[in-house]
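We have chain A already, so just place chain B on it with the hints.
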Amino acid sequence: MSFWERNTLIIGLGSFIGGVFYFSIVIWQSLAAGSLVTPSFWVWLGYIVLQLCVSIFGMWFGAKRELKDEFMAMPGGEDERDRLVRMKAEGMQGHVMSGLIFVAMATWFWHANTAILFHSLVAALILSELARAGWQMFSYNRAY
Amino acid sequence: MAKRPPITNRVKELREAKDQMSQSALAKEIGVTRQTVIAIEQGKYSPSLESAFRIARVFGVGLEDVFGWDGH
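Chains as they are written, first to last, in our numbering: chain A, 8 to 151; chain B, 138 to 209.
Next up, chain A with everything else stripped away, as it sits in the complex (with noise of 0.2 angstroms):
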């Protein structure tokens, strides 16, 4: 597994965790409640923290165990393989935000609800991570 192969799968596994964390304490408390609970923001913040200190430590420690001269030597730490992998990723990772976005965008002409918009907007970061997490992943193993 390449460098750049494992830091995907660890900000993939970060995202995971945080959305994990941040969903099981929206849903434990919104049936606790009765009705989806209004956005929290030590919840929110929870989210991040959790995820940037899965994927700050994750890549620290893959970057220490890695051959770094190999990738210091070439531009942005990347070759020309790494680079074209994160594009598709990447791309893919914007068709999935912005579909997702235009889903919770809709949903507010139903339900006029600032909790389900907040709500929607982190699960559209959080899926679309993942997306890009995953595709990349999936591009490095297929043949093109």
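Quick caveat, the hints were computed from the structure, so don't treat them as lab data. Errors might be hidden in some of the hints.
Said to hold, decoys possible - DSS-like cross-link-like pairs, simulated, lysine-lysine; straight-line CA separation at most 27 angstroms:
1. K155/B / K95/A
2. K149/B / K165/B
3. K155/B / K165/B
4. K181/B / K149/B
5. K165/B / K95/A
6. K71/A / K155/B
7. K181/B / K165/B
8. K155/B / K181/B
Values in this document were obtained by computation on a predicted structure and should not be read as measured data.
Coordinates of chain B only, in the frame set by chain A:
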């Protein structure tokens, strides 16, 4: 499963014929990672024209001695 590109190559064969040159050494010569050399040898990735020329130059052969077209 994605269809493999119709480009064949003799990179592994030429690398081994060149004093058992390692994948890392070839990667360093052409400016890519070892994983990319592995992907090229396995036919999973078709290198850019620039890298293809660099590979041919490392082995001291022409481009068509390294790469071939297996399609119609």
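So, going through the hints one by one against the coordinates:
1. K155/B / K95/A: violated (35 angstroms)
2. K149/B / K165/B: Holds - the C-alpha atoms of K165/B and K149/B are around 15 angstroms apart, at most 27 angstroms.
3. K155/B / K165/B: holds (15 angstroms)
4. K181/B / K149/B: holds (13 angstroms)
5. K165/B / K95/A: holds (25 angstroms)
6. K71/A / K155/B: violated (32 angstroms)
7. K181/B / K165/B: Distance of about 19 angstroms is within 27 angstroms: holds.
8. K155/B / K181/B: Judged against 27 angstroms, a Cα distance of about 23 angstroms means the pair holds.
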